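Visitor: Okay, so the sequence shown: first residue is 1 according to full-length UniProt numbering, each after it adds one.
I should point out that these hints are in silico values taken from the structure, not numbers from a laboratory. Be aware that a few hints might be false.
[Said to hold, decoys possible] 25 Å max Cα-Cα, derived DSS-like pairs, lysine-lysine:
id: 1; residue 1: K121; residue 2: K106
id: 2; residue 1: K208; residue 2: K330
id: 3; residue 1: K55; residue 2: K208
[What the hints assert, rightly or not] Quick list of the computed label-pair ranges, beta carbon to beta carbon:
id: 4; residue 1: S62; residue 2: E266; range: 40 to 46 Å
id: 5; residue 1: R190; residue 2: P68; range: 43 to 49 Å
id: 6; residue 1: D102; residue 2: E302; range: 34 to 40 Å
id: 7; residue 1: R76; residue 2: T273; range: 46 to 52 Å
Please read these numbers as outputs of a predicted model, since none were measured by experiment. Each residue gets a CB set at the ideal place from its N, CA and C atoms; glycine is no exception.
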Amino acid sequence: MELAQQRVLVTGADGFIGSHLVEELIRVGADVRAFVFYNAFNSFGWLDHLPNPIKSQIDIVSGDIRDPYVVREALRDRDIVFHLAALVGVPYSFHAPQTYVDTNIKGTLNVLQAALELEVKRVIHTSTSEVYGTARFVPITEEHPLHGQSPYAATKIAADQLALSFYHAFAVPVSIIRPFNTYGPRQSLRAVIPTIIAQMATGARRIKLGSLRPTRDFTYVKDTVRGFTAMAQSDSSVGQVINIGSNDEISIGDLVQLITEVMGVEAEVEVDTDRLRPLTSEVERLWADNSKARQLLGWTPEYHGRDGLTRGLRETVAWFTDRANLRGYKPYMYNL
Numbered sequence: 001m002e003l004a005q006q007r008v009l010v011t012g013a014d015g016f017i018g019s020h021l022v023e024e025l026i027r028v029g030a031d032v033r034a035f036v037f038y039n040a041f042n043s044f045g046w047l048d049h050l051p052n053p054i055k056s057q058i059d060i061v062s063g064d065i066r067d068p069y070v071v072r073e074a075l076r077d078r079d080i081v082f083h084l085a086a087l088v089g090v091p092y093s094f095h096a097p098q099t100y101v102d103t104n105i106k107g108t109l110n111v112l113q114a115a116l117e118l119e120v121k122r123v124i125h126t127s128t129s130e131v132y133g134t135a136r137f138v139p140i141t142e143e144h145p146l147h148g149q150s151p152y153a154a155t156k157i158a159a160d161q162l163a164l165s166f167y168h169a170f171a172v173p174v175s176i177i178r179p180f181n182t183y184g185p186r187q188s189l190r191a192v193i194p195t196i197i198a199q200m201a202t203g204a205r206r207i208k209l210g211s212l213r214p215t216r217d218f219t220y221v222k223d224t225v226r227g228f229t230a231m232a233q234s235d236s237s238v239g240q241v242i243n244i245g246s247n248d249e250i251s252i253g254d255l256v257q258l259i260t261e262v263m264g265v266e267a268e269v270e271v272d273t274d275r276l277r278p279l280t281s282e283v284e285r286l287w288a289d290n291s292k293a294r295q296l297l298g299w300t301p302e303y304h305g306r307d308g309l310t311r312g313l314r315e316t317v318a319w320f321t322d323r324a325n326l327r328g329y330k331p332y333m334y335n336l
């Protein structure tokens, strides 16, 4: 399915990945409706920061993914829905698990039910590598057991299974994209890469972090967005769960060293106990097997290996060190 002229809805369009996806969909000629979280400030999140020629082409709808009526109205007359709206921070899920259930599970149900009733052509549901928990084998294939080590991960597992149930029970054309740790411009400081960069960009030379031991498969946002569009364009992805990752891993400790090299500064790490996950909740290792994406979607990461990660970090550092961008962050605070 070509995306040009397709009528699409992007939930969570005001967020990090969602805003990048909206940009790309406009670029390829899709008719884009962006579902953003309602607030009294009339803020459209990161969509407010897009260039005017792009913003002028977006139909922005404010609402709450937890409201089934609002979701159904947003989906009316759409061909494709990219469902990204979710609460994504792991630490905050320890404090507010009920909110994660309401948003991630019930919000997904609202999208699926509306898609069923309105006969939407495609539903691209967003999963996360956190559903795997600590790797039992690497690289992690889509057949790896699911293990919810946080309320966030548990709600995403539930949402994924709910999405698959609508495919099996009602023939809703659902595809599940499972990105590994996406990074890049506009990401919040709940994630480790912008946390490191933003602290150093404001002059800190003692970087506060949690555990340095875990490894992650970092995927640049441009590659993740290409994964979303490839999922929508491939009929082979219907009914499938597909990893989007770089097929590489790096420890947080080694990541810090790489970022200091990219930024040309020296820094020490101070382990902040407030940032440590509960002992058995920490996901110690993530490393994606992306062969299914290659086979079904023709997708491969353009930013892969150490060279690709370095290139992505350079682009990310350039964005965060722009004073106009950095001004919107509070690097001195721990962002749950």
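Visitor: Give a verdict on every hint.
Guide: Right, here's what the structure says about each hint:
no., hint, verdict
1, K121 <-> K106, "holds, 21 Å"
2, K208 <-> K330, "holds, 13 Å"
3, K55 <-> K208, "violated, 36 Å"
4, S62 <-> E266: 40 to 46 Å, "holds, 45 Å"
5, R190 <-> P68: 43 to 49 Å, "violated, 28 Å"
6, D102 <-> E302: 34 to 40 Å, "holds, 37 Å"
7, R76 <-> T273: 46 to 52 Å, "holds, 49 Å"
Violated hints, in rising order: 3, 5; the structure is consistent with all others.
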